[in-house]
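With the hints as your guide, set chain B onto chain A.
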Amino acid sequence: MAVSDNMDREIKVKVDHMTKRFGDLLVLDDISFNVKKGEFLCIVGPTGCGKTTFLNCITKLYEPTSGEILLNNEPVNLKKHNVSYIFQEYSTMSWLTVEENIAFGLKMKKRPQEEINLAVAEMLEVVGLTDYKDYYPAELSTSMLQRVVIARAFATKPELLLMDEPYGQLDIDLRFKLEDELLKLWRATGTTVIFITHNIEEAVYLSENILILTNKPTSIKEYMKNELPWPRNVVSPEFVKVRNRVTELIKWW
Amino acid sequence: MKTRFRGASKYETAICAAISIFVFLCLWELAVRTTAVGLFISSPITVIGKTLRSIVEPLGTHTIQGHVLWSLSRVAVGFVVGSVAGVVVGVLMGWYRIFEAIVRPLFEVIRPIPPIAWIPLAILWFGLGESSKYFLIFLAVFSNVTMNAYSGARAVDQTLVGAAKMLGANNRQVFTSIVLPSCVPQIFAGLQIGLGSGWATVVAAEMVRSSEGVGWVITKGQDLNNPLQILVGIVGIGVIGYILAVLMRAIEAKLCVWSERGK
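Heads up: the protein sequence lines correspond to chains A and B, in order.
Residue 143 in my numbering is what sits at position 143 of the first sequence, and the numbering runs on without skipping anything.
Residue 3 in my numbering is what sits at position 3 of the second sequence, and the numbering runs on without skipping anything.
Chain A with its partners taken away, still in its complex shape (with noise of 0.2 Å):
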């Protein structure tokens, strides 16, 4: 299980002091951390700090000013490295099904038709699509449409996962539901994620690991073990604890 001890698991991205410019402008300040094979980091901080930038360099979107980010030890690479990620935006292709929606990372990646029946067959049944496989995504509520993008991602067996504030525009009950799949997706395929939101609740329910970041220009202000035990219950004391202390960090500059 993923959530155990994590010590000895080796690291997956690493993050050395990196830091982006866009001319004058400071964004990322000298930001180092790890994150381990299979962990699930959550990246809080105020909004407009840079997180978003933070995930583009990543994802060699923009190329950091000075530092570098590795993942398995090696420059990141997107033909080679399998990384997934999912948008605030319902990314899905209207003009696809369900299904195909789901196939289509495995498609794009031209594996063998085998492969992808099962692998989609597999996705649908977790996220509970299998009877909504025929749809069309203008068929379908907002919570199914970011369900098929998360098992359109989780398809594909990203060996990192990065996710932008995926449920920042839905209802509470909604982000839940949504938030209680995604460990299930996570601790049934062992990927590592890094999850970045401003919901604070939220980082503290999902996360092993809490970073929580300054204003701009952007530094790390703390990084956080989160040893809540699972299942979570965001009314606990315990969990109200932990939430308290993160918002007070990011309330004190």
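Be aware that a few hints might be false.
[Stated by the list, open to error] Restricting the straight-line Cα-Cα distance to at most 20 Å, the calculated cross-link-like pairs of lysine-lysine (PhoX-like) are: (1) B/Lys-50 <-> B/Lys-220; (2) A/Lys-216 <-> A/Lys-241; (3) A/Lys-80 <-> A/Lys-107; (4) A/Lys-225 <-> A/Lys-37; (5) B/Lys-165 <-> A/Lys-157; (6) A/Lys-177 <-> A/Lys-221; (7) A/Lys-60 <-> A/Lys-14; (8) B/Lys-220 <-> A/Lys-79; (9) A/Lys-60 <-> B/Lys-165; (10) A/Lys-79 <-> A/Lys-110; (11) A/Lys-184 <-> A/Lys-14; (12) B/Lys-165 <-> A/Lys-110; (13) A/Lys-184 <-> A/Lys-216; (14) B/Lys-50 <-> A/Lys-109; (15) A/Lys-216 <-> A/Lys-177; (16) A/Lys-80 <-> B/Lys-165; (17) B/Lys-165 <-> A/Lys-107.
The hints are simulated quantities; they were obtained by calculation from the structure and are not laboratory data.
Note that this is a predicted model, so its numbers are computed, not measured.
Chain B in isolation, oriented as in the chain A frame:
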């Protein structure tokens, strides 16, 4: 669905359409019988009767359906070539910056020229035969299809492109699995407008010079001082144009289930 007003079923829409056409014909009939309008125009009953009769009695060398088929065959050639060229040029122009920078200025200069303005040149270049008509219809279809395919390719959702790349699609795959399918609705809109425009252009081309086709029916009617024949030609053009539009919409509904359904 976009073609229907809110709350109306397909059935209700059809009934409304039938009523509005029927009322229009009644008013026309009434005007012809009771006012001086009758001096200028035949009554709808006469026009419809003559149209139906021309199915068996030829106008000139062909029956009305013969003329329609002639015109349609001309449109078909220009439409197929124009659509293929339009989709290719439009999508490439919308997706590849360099192609856009090179081709768009030329296209923007040619686009506002109505196809019929090319008639004299077309005749000089291609003669009075079929080729000049194909050329004119090609132009009409091409500019509409290109324009729509272009705006479709420009409007491709960059989030989807990003998602596809993240899921392992290379540039070619992004083009074939994201750009092309997401342009399909706009391409269809272009094909619809193009077909309408092609049909209008064939009439103009046939009016200038031809010995068959619906355009010929009209011009010949004028030569023979026969308003009834002109009206028969006009009715034919209208009815066929309507049928073409309905057919295109049906094909679109079939091929774009995903954008029609659930809306």
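Cross-check of the supplied hints:
A hinted pair counts as satisfied when its Cα atoms are at most 20 Å apart, and B/Lys-50 with B/Lys-220 qualifies at roughly 15 Å. For the given pair, A/Lys-216 sits about 27 Å from A/Lys-241 by alpha-carbon distance, which is inconsistent with the 20 Å threshold. Annotation: proposed proximity of A/Lys-80 to A/Lys-107 holds, straight-line Cα distance about 16 Å (limit 20 Å). Our distance criterion of 20 Å between C-alpha atoms is met by A/Lys-225 and A/Lys-37, whose separation comes to about 15 Å.
Restraint check for B/Lys-165 and A/Lys-157: the C-alpha separation of about 15 Å stays at or below 20 Å, so the hint holds. The hinted pair formed by A/Lys-177 and A/Lys-221 fails the criterion: a straight-line CA distance of about 30 Å is larger than 20 Å. Between A/Lys-60 and A/Lys-14, the direct Cα distance comes to roughly 15 Å. Compliance with the 20 Å bound is thereby established for this hinted pair. Distance restraint check for B/Lys-220 and A/Lys-79: the Cα-Cα separation of roughly 67 Å exceeds the 20 Å cut-off, and the hinted pair is therefore not satisfied.
For the hint linking A/Lys-60 to B/Lys-165, the alpha-carbon distance of about 12 Å falls within 20 Å, and the restraint holds. Of the supplied pair hints, the one linking A/Lys-79 and A/Lys-110 holds, its CA atoms being roughly 13 Å apart against a limit of 20 Å. Of the pairs offered as hints, the one joining A/Lys-184 and A/Lys-14 is violated, with about 25 Å between alpha carbons and a cut-off of 20 Å exceeded. Our distance criterion of 20 Å between C-alpha atoms is met by B/Lys-165 and A/Lys-110, whose separation comes to about 14 Å.
Straight-line distance between C-alpha atoms of A/Lys-184 and A/Lys-216 comes to about 34 Å, which puts the hinted pair past the 20 Å bound. In summary, the hint linking B/Lys-50 to A/Lys-109 is not supported, as the alpha carbons are separated by about 64 Å, beyond the 20 Å threshold. For the suggested pair A/Lys-216 and A/Lys-177, the alpha carbons sit about 33 Å apart, so the restraint of at most 20 Å is broken. Only pairs whose Cα atoms come within 20 Å are accepted, and A/Lys-80 paired with B/Lys-165 is accepted, the gap being roughly 13 Å.
The hinted pair formed by B/Lys-165 and A/Lys-107 meets the criterion: a straight-line CA distance of about 12 Å does not exceed 20 Å.
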